[in-house]
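K.L.:
Please construct the entire structure, taking both the sequences and the accompanying hints into account.
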Amino acid sequence: MTHDSTDAGAYDGVIRGDRGDQYQPALDGVRAVAVVLVLLFHAGFAWMSGGYLGVSVFFTLSGFLITRLLVREQWASGRVSFSRFYFRRAKRLLPASLLCVVLIMLARQFGEFSHVESLRSDAVAAIGQFFNWHRLAGHSSYANLFADARGTAVSPLEHYWSLAIEEQFYLLWPVVLVGLLAVSRRIRRSVFWPIAFLAVAFGVAAPIIAAVAGPDAAYWATPARLAEILVGSALAVWLLRRPVSSSRVAHLALPSLAIVVAASVLVPSGRGPAYNGFLPLFALLSAALILALQVPGRVRRVLSASPLVAIGKISYGVYLFHWPVFVLMRQHGWDLTTPTGFAIAAAVTAAIALVSYTFVERPIREAKWQPGRTVMLASLGAGITALAVLFAPTAAPLFDVDEQALEQASIRPVTSLAPLVVATTHPATTTTTTTTTTVEPATEDSDFDSSPVTTVEDVPTTTTEAFPTVLALPPQPSRPVRILIFGDSTAVAASNGLSAWALDHAAYAQVTTKWSPGLGFIGDGVDTTFDSQDLVPNARQMLQKLPDDVRALAPDIVVLISTIEDVTNRRWSDDEGTLTPTDPRFIVRMTDAYLTIAQNVLDAGASRVVFVVPPIPVAGWPQLEMREPARYLAQHDVIRSVAAELGDRVVAIDVDRWFDESGASSNATIRPDGVHMTSDFSRLLAEQFLAPALIDAALGLADEPASSPSP
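Going by my numbering, the sequence shown opens with residue 1, and the numbers climb by one from there.
Don't take each hint at face value.
Stated by the list, open to error - Listed below are the simulated DSBU-like cross-link pairs for lysine-lysine, each with C-alpha atoms no more than 30 Å apart in a straight line:
{"hint": "1", "residue 1": "Lys514", "residue 2": "Lys545"}
{"hint": "2", "residue 1": "Lys368", "residue 2": "Lys313"}
{"hint": "3", "residue 1": "Lys91", "residue 2": "Lys313"}
{"hint": "4", "residue 1": "Lys91", "residue 2": "Lys368"}
What the hints assert, rightly or not - Simulated restraints on C-beta separations:
{"hint": "5", "residue 1": "Gly214", "residue 2": "Ser666", "range": "40 to 46 Å"}
{"hint": "6", "residue 1": "Thr338", "residue 2": "Gly111", "range": "23 to 29 Å"}
{"hint": "7", "residue 1": "Ala552", "residue 2": "Ser641", "range": "27 to 33 Å"}
{"hint": "8", "residue 1": "Arg271", "residue 2": "Ala418", "range": "54 to 60 Å"}
If you're looking for bench data, these hints aren't it; they were derived computationally from the structure. By construction, the Cβ of each residue, glycine as well, lies at the ideal position given by its N, Cα and C atoms.
P.N.:
Dropping the structure here:
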């Protein structure tokens, strides 16, 4: 579409003397500040809980720059060249974006990001610029991205949601803007007003979307975020019509910047304005900062400093590459909230971004290609990326759930049960052998030999770990011990090995597992660590149904295992506030809950209840509180006190102590995500400690089965 340039200048409010087309280094400084806020937030610093607001700053700045570019082009030439705009965007954004996806897929070939089940579909959504809708369709939550230990199962492409929103805006905005320019010319009014109307309309829509579709839609849905971009667009048109000349405007810069940073520190990560649809109000702060930087001032001089400008110039690459770098480093045990960890992660990110900018982005951006060649090369790049996605290995689960073994080992229904006694007249004893064993790192195709193996002197210590504590198997019982395991994902990880062991020792045990992710035994309160509103619904139902399961299965012992959910921060009332597991009031409630579940199981007919004292996770939790050993030790003390209070029908088996004594706690090959055991090691645990201890508990042969034998 074309318009007369004179009319465009008159009615679009473009002033010939405006300097808005000149490069403004302070805006690169704003980019630098925004991307640093995001990096600190994604690193997991608790004091930067609202660092995601840096993305909102990017949105407003993008709307400002893109709209200014389009309106000035329309004024200068009388038309907006859609082809030139889209080709410029493709040359500017696609090279680094596709390179990032390709590098992630290559890393997958070498075993990295191997636990991300959705990586292929994530890559397709990233390439297709609809990642935000992909996440919404997958029922994911931005607030829970950081709940996974070490980032092992978090997609390295999660951050493409914001790029998708911007690209969707870039796709539609030139056409919409040209239409608005045409309308404003006919009615002889500035185009500022229809753009401002759109910004207000989408700003009003954002909290409505939050109320109707939920907090994730408020954060991820494009209509809920458009107002932040349109605020920048409206500012661009306003400044083209009325360039700022008063130096007093510069006084807005410091308070605007200070409030942006303060909000990034004070706003919570999983709730608040971002999830209630009120980020358009925050966009006004970003717009005030951009406005203030249009005239000279101290803040503009600071933001124009060379180091900040340099970061701003590569900020696109920094944003693209930082998240996969952070995820990868967490996966390998790095704590990014330490000064060293964050400095190394930031340096690696900056190095990759600088290489990308120097050798990929800038050469392509500055190349004088015809549109046809741009389309050809963009198609080639997309094709190469698609091949990398197509041939990427399938995901390996965090831990295998051997459904077949769990089913085959399960408790068999019977009409009556004979008493459970020792089948031999020989006395049963619990002994400690001096055998030293080794466990090799788990591989997908390895055949696991659970028998004790003498350590070979020449085996490299980097690939093996000695386990000197082995519990002898008691004499065979008169019938298989009926074992019901109930708990969270760590329960089923332990049950993998126990079920496999039971299949090989059918005369000793039958094992049925009832589990749910996030299942804890405290049946009330609100988990505030992971910003969940309540227990996992399935977990609550399972807690209520447990006595019925006991009556139906008639187990000899019920094994209770929960590692994470009961040691998160929790709030029971607003007056009381949030409590930690080390708080005496929390401990009282946990003790009551554990006494209740144990008594309910006993009343339902189980002969014994076994609480497993779970090994303390070694994950680099982004939630700093989850790294505190004290909260896990508080749970362990509660387990022991409950076992002592209820007498010999409730016992505690101390797997945590066995982990410590055997050296398993620090072995990263045993728990790749820091929490869940591999199937191979779960079988070793069952063979050497857990199965003998449970048989002992069922037969009543061990006075104190809570303790593993001393080495």
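K.L.:
Hint by hint, note whether the structure agrees.
P.N.:
Quick rundown of the hints versus the structure:
no., hint, result
1, Lys514 with Lys545, "holds (11 Å)"
2, Lys368 with Lys313, "holds (21 Å)"
3, Lys91 with Lys313, "holds (16 Å)"
4, Lys91 with Lys368, "holds (11 Å)"
5, Gly214 with Ser666: 40 to 46 Å, "holds (41 Å)"
6, Thr338 with Gly111: 23 to 29 Å, "holds (25 Å)"
7, Ala552 with Ser641: 27 to 33 Å, "holds (30 Å)"
8, Arg271 with Ala418: 54 to 60 Å, "holds (56 Å)"
Hint compliance for this structure: no hint is broken.
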